[in-house]
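Undergrad: Listed here are the chains, written in short residue letters.
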Amino acid sequence: DAGITQSPRHKVTETGTPVTLRCHQTENHRYMYWYRQDPGHGLRLIHYSYGVKDTDKGEVSDGYSVSRSKTEDFLLTLESATSSQTSVYFCASGQAIENTEAFFGQGTRLTVV
Amino acid sequence: ILNVEQSPQSLHVQEGDSTNFTCSFPSSNFYALHWYRWETAKSPEALFVMTLNGDEKKKGRISATLNTKEGYSYLYIKGSQPEDSATYLCACHNAGNNRKLIWGLGTSLAVNP
Numbered sequence: 001d002a003g004i005t006q007s008p009r010h011k012v013t014e015t016g017t018p019v020t021l022r023c024h025q026t027e028n029h030r031y032m033y034w035y036r037q038d039p040g041h042g043l044r045l046i047h048y049s050y051g052v053k054d055t056d057k058g059e060v061s062d063g064y065s066v067s068r069s070k071t072e073d074f075l076l077t078l079e080s081a082t083s084s085q086t087s088v089y090f091c092a093s094g095q096a097i098e099n100t101e102a103f104f105g106q107g108t109r110l111t112v113v
Numbered sequence: 001i002l003n004v005e006q007s008p009q010s011l012h013v014q015e016g017d018s019t020n021f022t023c024s025f026p027s028s029n030f031y032a033l034h035w036y037r038w039e040t041a042k043s044p045e046a047l048f049v050m051t052l053n054g055d056e057k058k059k060g061r062i063s064a065t066l067n068t069k070e071g072y073s074y075l076y077i078k079g080s081q082p083e084d085s086a087t088y089l090c091a092c093h094n095a096g097n098n099r100k101l102i103w104g105l106g107t108s109l110a111v112n113p
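Residue numbers (the working numbering), protein chains in the order written: chain V, 1 to 113; chain X, 1 to 113.
Where hints are given, some of them may not hold.
[What the hints assert, rightly or not] Below, in silico cross-link-like pairs of lysine-lysine (DSS-like), each with a Cα-Cα straight-line distance of 27 Å or less:
id	chain 1	residue 1	chain 2	residue 2
1	X	K42	V	K11
2	X	K78	X	K42
3	V	K57	V	K11
4	X	K59	X	K69
5	V	K57	X	K42
6	X	K78	X	K59
If you are wondering where the hints come from, they were derived from the structure by calculation, not from laboratory data.
Could you put the whole structure together from the sequences, leaning on the hints where they help?
TA: Structure (C-alpha cells):
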C-alpha cells in the first residue's frame, strides 16, 4: 500500500476558527489532491498540487487554501470554518495522474459547530 | 466541466450473480478512465486505469472495458460475493481539465449472501 496518511482523522471545531488538515505521503509522488465528499455529491476537488510550491484551484476552492513546501506534505487550511465545510476530506497522491492510479488517505471527518 | 455519469445508482444482487455497471463520459480529448472500489469506512482503491479504445482489463472476478469513441466503460463482476459490496467509482481525465480527474457519483453494490 502507498504510504499516504492524513491527520487528524476526526476533528470538531467551532465556526470562525481556522483549521489545518495535513496529508503526508512517502511515495515521492508529484501530484497531490484534496477532495471533499458529501452525500449526493461525488468526490469534489478543492485544490491540487503538481509540485513543491505549485498549486491550483479545484471546483470548490472558496474558503480553502493549501500549501506544499515539501514533496511529501500537502496542507489544507480552512481560513474561517463554516458549517457548510462540515464534510469528509480525502487527500490523494499520484505520480502521473493522467494514466496512473491515485492513492487515497484514510479521510478526515471534520465537523464545524 | 465534464460530466461523468454512472448507472445504476445502486444495485442489490444475490451471491453468485454476475453484474455490470456503466460509466459514461465525454469522448472528446479523452486521456484516461479510472475505476475505483470504495468500501464503507475505508478510502477508495484503484481497480483499473485504462487509456486505449478497446482496452480490456481484468483483476480476479472483476473486469472492465473501454470505448473511447462513444464515451463509455463497463465494469463487470462475475459471481458476486458479499465482500464485493462497495461503491464503485469511475473518474475521467480529459485534456480540457488539465491535471484533474472528474468523478462520477458511483454505483453502490450490495451482495446478499
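Undergrad: Hints first: check each against the structure and report whether it holds.
TA: Status of the hints after comparison with the structure:
1. Restraint check: the Cα-Cα separation between K42(X) and K11(V) comes to about 17 Å, which is no more than 27 Å; the hinted pair holds.
2. A threshold of 27 Å between alpha carbons decides the hint, and for K78(X) with K42(X) the separation of about 23 Å falls inside it, so the pair holds.
3. For the hint pairing K57(V) with K11(V), the CA-to-CA distance comes to about 24 Å; that is within 27 Å, so the pair holds.
4. The hinted pair formed by K59(X) and K69(X) meets the criterion: a straight-line CA distance of about 24 Å does not exceed 27 Å.
5. At roughly 26 Å between alpha-carbon atoms, K57(V) and K42(X) fall within 27 Å of each other, so this suggested pair holds.
6. Of the pairs offered as hints, the one joining K78(X) and K59(X) holds, with about 11 Å between alpha carbons and a cut-off of 27 Å not exceeded.
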